[in-house]
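In the order they appear, the protein sequences are chains A and B. If you're matching positions, the first sequence starts at 998 in our numbering and goes up one per residue. If you're matching positions, the second sequence starts at 872 in our numbering and goes up one per residue.
Take these hints with a grain of salt, some might be off.
Not everything, but these chain B residues come out facing chain A in the computed CB check (under 7 Å) [unchecked claim]:
| # | residue |
| --- | --- |
| 1 | Ser-875 |
| 2 | Thr-893 |
| 3 | Ala-896 |
| 4 | Phe-900 |
| 5 | Lys-945 |
| 6 | Gly-952 |
| 7 | Ala-1063 |
| 8 | Leu-1066 |
| 9 | Ala-1071 |
Everything labelled a hint here was simulated from the structure, so no lab data went into it. By construction, the Cβ of each residue, glycine as well, lies at the ideal position given by its N, Cα and C atoms.
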Amino acid sequence: MNDGAGIAARGLAKRYGERPALRGIDLDVGRGQTLVCFGPNGAGKTTLLKILATLIKPTAGNFAIGGWDGRRDAVMLRRRLTLAGHATYLYDDLTVAENLRFYGRMYAVPDLEQRLGEVAGRLGLTPRLHDRVGTLSHGLQRRAALARAALHDPEFYFLDEPETGLDPEAAAIVRAWLVDINKQGRTMVVATHDLARGLELADSVIVLHRGKIVFQARCEEIKPADFPKIYAACLRAGGGQGAG
Amino acid sequence: MLASLWAIFRKDLLRELRTKETIVAVLVFALLVVVIFSFATGTGVTTDVAPGVLWVALAFGGVIGLNRAFVAEKENACLEGLRLCPVDHAVIYAGKLAGSLTFLLVLAVVITPIFLALFNLPVFLPRLALIIVLAVLGFAAVGTLFAALAVNTRARDIMLPILFLPVVSPVVIAAVKATAPVLAGASWGELATWLEILAAFDVIFIVVGALVFEFVIEE
């Protein structure tokens, strides 16, 4: 494998029965870079993240992460990546700490208790570690889900709307955590509806619409003030355009 | 691999010990079956009818419990969380199987002495214990696979018995046939054929389960 490699996808397609969810996605994300994926509901963002996280298999196309083949080396890759999706992947009847310990053991995290404490502290979960997940508010559950995702210190993060449903205080904690991950040189693909927040985080952006990339640019090529107009135009046109 | 298997088993055990949502319901059901049959048949027809009573209680009680094995994995999409873990999916199958097996053994350990007492049979029967272990292993192997399949269907409570009972019927028949001579005081030699059949089914079901589990839990 190539330690310097990031994420590369060629011709990724996914169909659910007759309905195409992704249609020929090509993308490259450099190591340590953040790609933010915008698009309306049903654009294919979640499907793209789930494919890259090896959770579902593409109908066509190939992808590689860190030089590992996404189809062939899926088990190996899972140790190095994480997905935080809409669902928390946490057991309601177990406490936050018990959930994190369970996933820590599944990922064979070294010094698990120390790592658990670090991640919980970073996401403001320490006072609630011994509460059952089912008793937590939506915002705390989301943060616990992010703690699960970060526990094994992955190199590649796939985050699906990580700030959705959070109150301003919780959103600020998560945002600071995302910035930390970014500074640590982790590679991220983040799906979001929040144009301003997404641009703050991104090195490059794509806009997905009806399963296709309709806009792709590096952040330095975009004026943040213009982006809402570009985004709206992309969705209206539904066709390909790119910056620069 | 063993650490992951153990982690899944421990997690399932912890959940069940905390909620007791499955074991209580299943024990009550199985106990009722044994008690009602003991009143219906009396205690004079033991070796003919009693094996059937025991295995009806264990098989149908087991279905109720096995049905619950994957329900917790469905909530909050935990099965996706498991599938994201860097372990072969056969390990997930083995971990869930260990949990189901433990649950079925607890059911058998509680119900069998009550059954033997109600039917005026000797309570200490090591040969029956072996039959129970082999048979519930077969139940757990098939049940874990089909519970994972059924949990993704809308009518999962109905789907599991429909899938599980026909496939597991050779195990139930072999268990009933092996139990009857044990209750009549037969030797090990007289049981050998049925024990071999049970062991063979266990091996087949476990191997097949481990091989196809990946396809069963895929989206």
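Tested hints:
1. Taking 7 Å as the C-beta contact cut-off toward chain A, the hint placing Ser-875(B) at the interface holds, the least distance being around 5 Å.
2. Checking Thr-893(B) against chain A: minimum C-beta separation of about 12 Å lies over 7 Å; hint violated.
3. Contact between Ala-896(B) and chain A, as hinted, is not supported at the beta carbon level, the nearest pair being about 16 Å apart and thus beyond 7 Å.
4. At its closest, the beta carbon of Phe-900(B) sits 22 Å from a beta carbon of chain A; the interface hint therefore is violated under the 7 Å criterion.
5. Using the Cβ-Cβ criterion of 7 Å, the hint placing Lys-945(B) at the interface with chain A is not satisfied: the shortest such distance is roughly 10 Å.
6. Restraint check, Gly-952(B) versus chain A: the minimum CB separation of about 3 Å is within 7 Å; hint holds.
7. About 41 Å separates the beta-carbon of Ala-1063(B) from the nearest beta-carbon of chain A, more than 7 Å, and the hint is not met.
8. A least Cβ separation of about 36 Å between Leu-1066(B) and chain A goes past the 7 Å threshold, and the interface hint is therefore violated.
9. The restraint placing Ala-1071(B) at the interface with chain A is violated, with a minimum CB-CB distance near 31 Å, outside the 7 Å limit.
Hint compliance for this structure: hints 2, 3, 4, 5, 7, 8, 9 are not met, and every other hint is.
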